[in-house]
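**Q** Here's the letter readout for the chains.
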Amino acid sequence: MSVKDIVGRHFSARQQTDVLSGRVRVGLFVAGVVAVLFAPFAQAVHPFWMDLATHMFIFALFALSLDFVFGYAGLLSFGHAAMFGAGGYATALLIQNATTSALVVLPMAVLVGAAVAALIGWLSVSARGIYFAMLTLAFAQLFYTVVFNDIPAMLLGLEAVTNGDNGLVGITALTLFGVDTGSLMAYYYLSLAMLGGMLALVTRLANSPFGRVMQAIRENEDRVAFIGYDVDRYKIVAFTISGGMAGLAGGLWVPFNSTATTAMLHWTTSGELIVMTLLGGMGTLWGPIAGAFLVVFLEDSLSAIGNWEIYLGIVYIVIVIFAPRGLAGIFRTVRSNPDPRVLLSKARSALATYREKVFS
Amino acid sequence: MAIEGIAKTALLGVEMGMTLVLVTVGLTLIFGMMDVINFAHGSLYMLGAYFGLTVVTVTGNWWAALLVAPLLVGLLGGLIEYLSIRPLYGRNPLYHILLTFGFAIMLHGLVTEIWGGQVQNIATPSLLEGSVDLVLFSYPLFRLFLLGVSIAVTAALWVAMRRSDFGIVMRASAHDSEMVDALGTDVKRVFTAVFVLGSILAGLAGVLLGTSRAVDPGMAASIIIQAFAIVVIGGLGSYRGAVVGAFVVGMLNAFGPTFAPQFTDALLYLLMAAVLLVKPAGLFGTPEGA
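Residue numbers (my numbering), protein chains in the order written: chain A, 255 to 614; chain B, 39 to 328.
FYI, nobody ran anything at the bench for these hints, they're computed from the structure.
Accuracy of the hints is not assured; some may be wrong.
Stated by the list, open to error - Quick list of simulated restraints, FRET-style, between CB atoms:
#1 Met439(A) x Leu113(B): 48 to 56 Å
#2 Ala190(B) x Phe464(A): 51 to 59 Å
#3 Asn474(A) x Leu117(B): 35 to 43 Å
#4 Arg487(A) x Lys317(B): 23 to 31 Å
#5 Leu321(B) x Asp419(A): 28 to 36 Å
#6 Arg209(B) x Lys611(A): 47 to 55 Å
#7 Gly155(B) x Leu552(A): 14 to 22 Å
#8 Phe297(B) x Asp419(A): 35 to 43 Å
By construction, the Cβ of each residue, glycine as well, lies at the ideal position given by its N, Cα and C atoms.
Chain B extracted, bound-state conformation (with noise of 0.2 Å):
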């Protein structure tokens, strides 16, 4: 492979990761705090692209679903959080696979009536259309936008939740919310802004990656399973596990077809096992309880 097949596949590994950590940085926030295992996550991200779809076509501003999409989403997230994942709060953790789950299902089907099952596509705004020079290879621009925004979001969620109160508030609770609560403050509305999130930064992922990639019913089930790998990789709750996880996900997704296409999957659920048998952790995660 010559340099500049090397250098365009690193960035497309880069672009599939940091768009991937989109989706897995909920995931692992919801359970860092709620010990709550969102099936229905993978749901939300496929739901930010159908109402992107169905935005774009009916205003025909790429923009104003980039806007309305996440926040549609992320109301959805919070009336699933407020009317069914409440209930079960004290409930042995299982029980969210299993609610969420049914989500899944549900919203599958949903969708399939809706928008119907056949692979459509969000149109790229005229704005981000074409492609950049980058010296020794071209790049789509809108490719560069969805790396620029994720990379944009990453970086300050990673701030917010370092400096503002509202994220002090969060890490205190995903590392005792009894105590939080104890100390006044409504752990359950923390929750639930945590779970709006999430949601949300799945939305925002639904748009973009709807609009680089394509839009189908069968997105949910891919995206999920490979957020899942990345959350058990990085370390279930870690923040920062889920951005390297991510990362190394990503470059697996770049190379992998290049170098080994028969194994490429089977190296994610590998390291996915071998992380768990090894280190049930993850990798920057801390043992549970702890």
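Excised from the complex, chain A in its bound form (with noise of 0.2 Å):
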């Protein structure tokens, strides 16, 4: 089967024009400028929100890394946590013995991600489907249990290397320049930064003829391959570099919180990443980071009132079921039908529709 409906009809329907529209990207751009200007204000107000900012942004990066493989290429990865604790214990590592230096550690937690992001797609990419999901979940599973075990020091003879379930504490800040990243709103710009670079990057590869190749694999693989183009090999290239770009978030990750846990290569995070690329609407770039940022949002302001993730999860079903395009997709909706009648026509219908495969 095609995961051409999983990632949405739009891309279909509509003609093949590039990757975020212009209107998208005016959107893009005064958001950016927002965010800018929101540091000194929150500075001001409530620097918390600095914190919970900068949050967002690594989560949007890293969302952003599995909408590259998932949204472009239609590959379901289950194992992206794997790239991110690669990223992130190579971060905390290097800060301890080494350096610094952002400007060694990050391309560092770059290398790192993309290496083991380029072994498991490797040996993934030629399962399809479902079976690529399990596959990917199964080596990045082994490799959480190899960090959570310390095999690494077993290996080596040391005494503790990612120091097992404790994992590493104390991961001090970064320094860019010579200026340490360790105030609120250097990091803030930092991640901002990243996220910003990394958008762009993504967007100018989504448009290349690289990333149109990637939706053809994405829309019907075997007629690509027929063509002539070697299928596995974009394949694997494309999730290398979305392991880069998982590992660069987790190395910012690391030294905004000073510790590399286990917790970041479980398999959970892997389905928390699915759950705000799917939220914001997977495939159009803007949709995964929105989903991160509210995902985000939602574990903290939620988490007042009760347990967040029952909410979340009552969302998300109802996303899935109703609005397999995400935020994204219905947003994009309400743009086209600025009658509020067809909306509601619309919603009737899909209604309707949910009605009768259940009900008959």
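Both chains are given apart, each in its own frame, so use the hints to dock them into the complex.
**A** Pasting the structure below:
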């Protein structure tokens, strides 16, 4: 079965135009300007908002990495936690043992994430659909147990490398051009810059011939193979790029929290990432970013009124059933139908379809 | 390791394996028939344990819990299938992974909210307290009961799948649901029934393991990932595969901590990955589409 329907019909229905159309770009630019101006405002009013926003930026970057393979190449990875954790642990070990320079540490986090992804991708891409998902899950869990049991230390004969269940704690801040990024505002801008830079890079990639081939693979990989493209190679490259981004997100996450923990590598992290991506709307780039923002926001704000997972779960389930294209899809529908009566009838027909499928 | 130790560990392995069967059978049957990977299956198992806990606390009767909790879980599983999975049939099977993961998140939150995050225990019924002397070693009576129930359920299900009319319809639907539908059987109803059956078994396992081990909100995440590994190793959709896979993993779990504590879990996932790479259909599965 093709992955087409999971990604949403809007891609095949509309003309193949550039990823991130003009209007969305304007919207993102405005959002970026707001984000830049937000920090001094938050500093004055409520500095915790910067903490929350930085958390959002890092997970948005992580979600962007998944959207690149899932939304564009149709590869449902259930193992992105492995690359996130690999980048994070690489960062922690470098800061502890070598240098705090962001110019060294972050590129290394990217490289380590990409290397892990290349290996997992190389082994997994020939499997399709749920089998690919299961394989990436298996490899990520394998990686998790290796870190959890500190097998590297055992193999190298050292006392501790990953430090097992306790994780690596007391990780100091990164420095950039000799400036300490330990302050909330500095880290806010660093994370924002990384997110913006990666979004620009991914947009370029998605609009490049390489990105077109990826989308073609998502739509019908057999046909792409018949034309003469080496489908597996494209998938591995896409997965590796995505892994590099996930590694970068992990590399930003660890100094932010001052710790590298095994929870970063656990399969539930991969699952949460999928929730963010799908909630926002896969294959749209900006959707998963919005999805990550929403999930982080819900986690923070709903904690006060009870267990936030209940509400997140319900919202997510409703989205999967009724709006598989996520928030981005809803936004698009609302934008293209300014008449509320049309929207109402659309919602009604969606409900009618649901009723028919359930009760027939 | 002395012979007593080996024998006792082997029995532990059999016990672990057979109880895992209760969880994995539902998972594999559901996949075999509907191509649904049910991430919420571990959560249904967890709910069985919590329902059991509440029934025991309220009535003080463990046997009532053994009866009521699985039925409640079955009902809930049926509702989940009816209201949320049913509308997705015909969409890409990846959607079911995505949907049921949502239930796993929601139920984790719900359970933590209602019962709290602490580790709890279902009290062992007085009838099954104590140990039995098995010549070489003594073994808790409850765990032997657990083993007996698991074997009985597995065997009964096996016979039912082979002999009963419903079992035949089930196997036929797994093979070619469209044809079964065309021949006049309401396949959707069969799907719901299988989902309920799988949920009941998961709930039963929840009560049993909640009594012999512990009840906590993390139990869903830890069992589901093991169950996935087992189902993949045995072959997605294969009943025999689920039983053999569970047996292998049970043994691994029993002997692993003694011989290679650091590598036990790694071996499980290595095995899972190896099977997927070499024989994606699993040891007992049929290739996709066949």
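**Q** If a hint holds in the structure, say so; if it does not, say that too.
**A** Okay, the hints, checked on the actual structure:
1. Met439(A) x Leu113(B): 48 to 56 Å: Given a distance of about 53 Å, which is inside 48 to 56 Å, the answer is holds.
2. Ala190(B) x Phe464(A): 51 to 59 Å: holds, 58 Å
3. Asn474(A) x Leu117(B): 35 to 43 Å: holds, 37 Å
4. Arg487(A) x Lys317(B): 23 to 31 Å: Distance hint for Arg487(A), Lys317(B) holds at roughly 24 Å.
5. Leu321(B) x Asp419(A): 28 to 36 Å: holds, 32 Å
6. Arg209(B) x Lys611(A): 47 to 55 Å: violated, 25 Å
7. Gly155(B) x Leu552(A): 14 to 22 Å: holds, 19 Å
8. Phe297(B) x Asp419(A): 35 to 43 Å: violated, 21 Å
When held up to the earlier numbered hints, the structure conflicts with 6 and 8 and fits the remainder.
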